[in-house]
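Based on these hints, arrange chains B, C and D on the given structure of chain A.
Number of protein chains: 4
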Amino acid sequence: MPYEFEMTRRVQFAETDMAGVMHFANYFRLIEEVEHAFYRAMGLSIMMLEGGAEIGWPRASASCEYFAPVRFEQEMRLCLRVLELGNKSLTYELDFFHDETLVARGKITKVCCRITETAFESIPIPDGIRARIREAMDKGK
Amino acid sequence: MPYEFEMTRRVQFAETDMAGVMHFANYFRLIEEVEHAFYRAMGLSIMMLEGGAEIGWPRASASCEYFAPVRFEQEMRLCLRVLELGNKSLTYELDFFHDETLVARGKITKVCCRITETAFESIPIPDGIRARIREAMDKGK
Amino acid sequence: MPYEFEMTRRVQFAETDMAGVMHFANYFRLIEEVEHAFYRAMGLSIMMLEGGAEIGWPRASASCEYFAPVRFEQEMRLCLRVLELGNKSLTYELDFFHDETLVARGKITKVCCRITETAFESIPIPDGIRARIREAMDKGK
Amino acid sequence: MPYEFEMTRRVQFAETDMAGVMHFANYFRLIEEVEHAFYRAMGLSIMMLEGGAEIGWPRASASCEYFAPVRFEQEMRLCLRVLELGNKSLTYELDFFHDETLVARGKITKVCCRITETAFESIPIPDGIRARIREAMDKGK
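Protein chains in written order, with this note's numbering: chain A, 1 to 141; chain B, 1 to 141; chain C, 1 to 141; chain D, 1 to 141.
If we strip away everything but chain A, and leave its shape as in the complex, we get (with noise of 0.2 Å):
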């Protein structure tokens, strides 16, 4: 099964931690910057106007699993795949490969919300939204 969006990055120095490695909670940044660029491959953006009202997306869960470390100015290929997109959900899987070895795999499920001063307010998935996505599935397959 192939991905929907593919792009490289970079380990960098303030990553790393004392153990010289790339420290476990920055998998989670990068999942993250994968998930946007994802996005604006599709013409859209994370944080989005919709009938007036900010639409945003807090994760509901997020795990990673670690196989080998990564390294300073090591090149990872970070590789993302839809896996369920829900009426007000949407669940997506994080490769990173390090010279072709699988060194961690993530997951996040985030809901879709209209964001107010105080709250955050489950929406189903705006449909101009859900098309795009739907597409990159649909390519990827």
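Because the hints were derived from the structure by calculation, they are not lab data.
Derived BS3-like pairs: lysine-lysine, alpha-carbon spacing no greater than 25 Å straight-line:
| no. | chain 1 | residue 1 | chain 2 | residue 2 |
| --- | --- | --- | --- | --- |
| 1 | A | K139 | A | K107 |
| 2 | C | K107 | D | K107 |
| 3 | A | K107 | B | K107 |
| 4 | B | K139 | B | K88 |
| 5 | B | K88 | B | K107 |
| 6 | C | K88 | C | K139 |
Taking CB as the label site, the calculated pair distances span:
| no. | chain 1 | residue 1 | chain 2 | residue 2 | range |
| --- | --- | --- | --- | --- | --- |
| 7 | B | T118 | D | S122 | 19 to 29 Å |
| 8 | B | A131 | D | E135 | 54 to 64 Å |
| 9 | A | A53 | C | E100 | 49 to 59 Å |
On a predicted model such as this, the values are computed, not experimentally measured, just so you know. Built from N, CA and C at the ideal position, the CB exists for glycine as well.
Just chains B, C and D now, with coordinates in the frame of chain A:
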């Protein structure tokens, strides 16, 4: 079932994002902060020498579920519980409370390793460390 | 000349880099943490409403000199001093001590602004905030 | 006076804060990212072995002036210039442009050091590294 360790921690400004809430990746840094404070409370450090070798704990997996957002300057109660003390690995769970509401729950499995220049080699958890963790778990019952 | 505010803070694992010491950019986050704690100690918050408008403090400049590295779990004493309280701006200095040695010194100038959707508009520091800072400076003499 | 090195870089979501703009401490991470890309473009790495010893570059000072905020997904042009190549130290400046406006300017002075287990010992910049930097500066004229 009681917790083995608790601390309070305020959300810092740099931990928020433009959605006005703590960024989801920062929860993983907090899980680690509590873990390390738990170690210090047991008289241990996460980076130790054991028989001349440096011992580290790379993560095998990390996950977090998010139930409600937290905002700048809100104080959280962070409660750690050891879920499993294996031969070479350790799994613990962290509950994030704000105003007595469970706002997030994280889980990390880490593996005891000897750190060399180029690799992490998994080893049985040294007896001294195991004994302290076991003791904390017994107290928590 | 005494300090207006002090706190202690331990170097966290995620704040170190592969050189084994606290990454130089993280000192700026600590300066801000102390600044915000100083505000809380005065009964203020860095994000406030004033006459219905949101007040923020974007930085005009930030600098730090590094005299000696700090390492994981080392405890620092962080000492803040207000250098200048201007009409619209505030300059303060932060001294980082470890074991009574001055290991770094940072300085930030920030500007009081009304935050709108699209811009930061500088305004005179509101009287209530100015009075509290002045009071803290007088105590520090 | 032209720049020695340029790259573009987009503001990431995790780099913003609740004020909706890139957090001021993250500019220092970007300065370093550009510095390291500059090194790679010269065929160097910031972490090198030289005569069997590990060479590192702890910062002596870092500063940044902020002229206008940058926001999520905005693309910046980051332009590096070496200001001074000393015997043991190197000072460079980084200009941040967005839409041809200078939005920030950073400066870092770093010191060439031999890294040991417990200390950083300053040393003259090795000839091979000095020659490459000199060459880049000459091209930049």
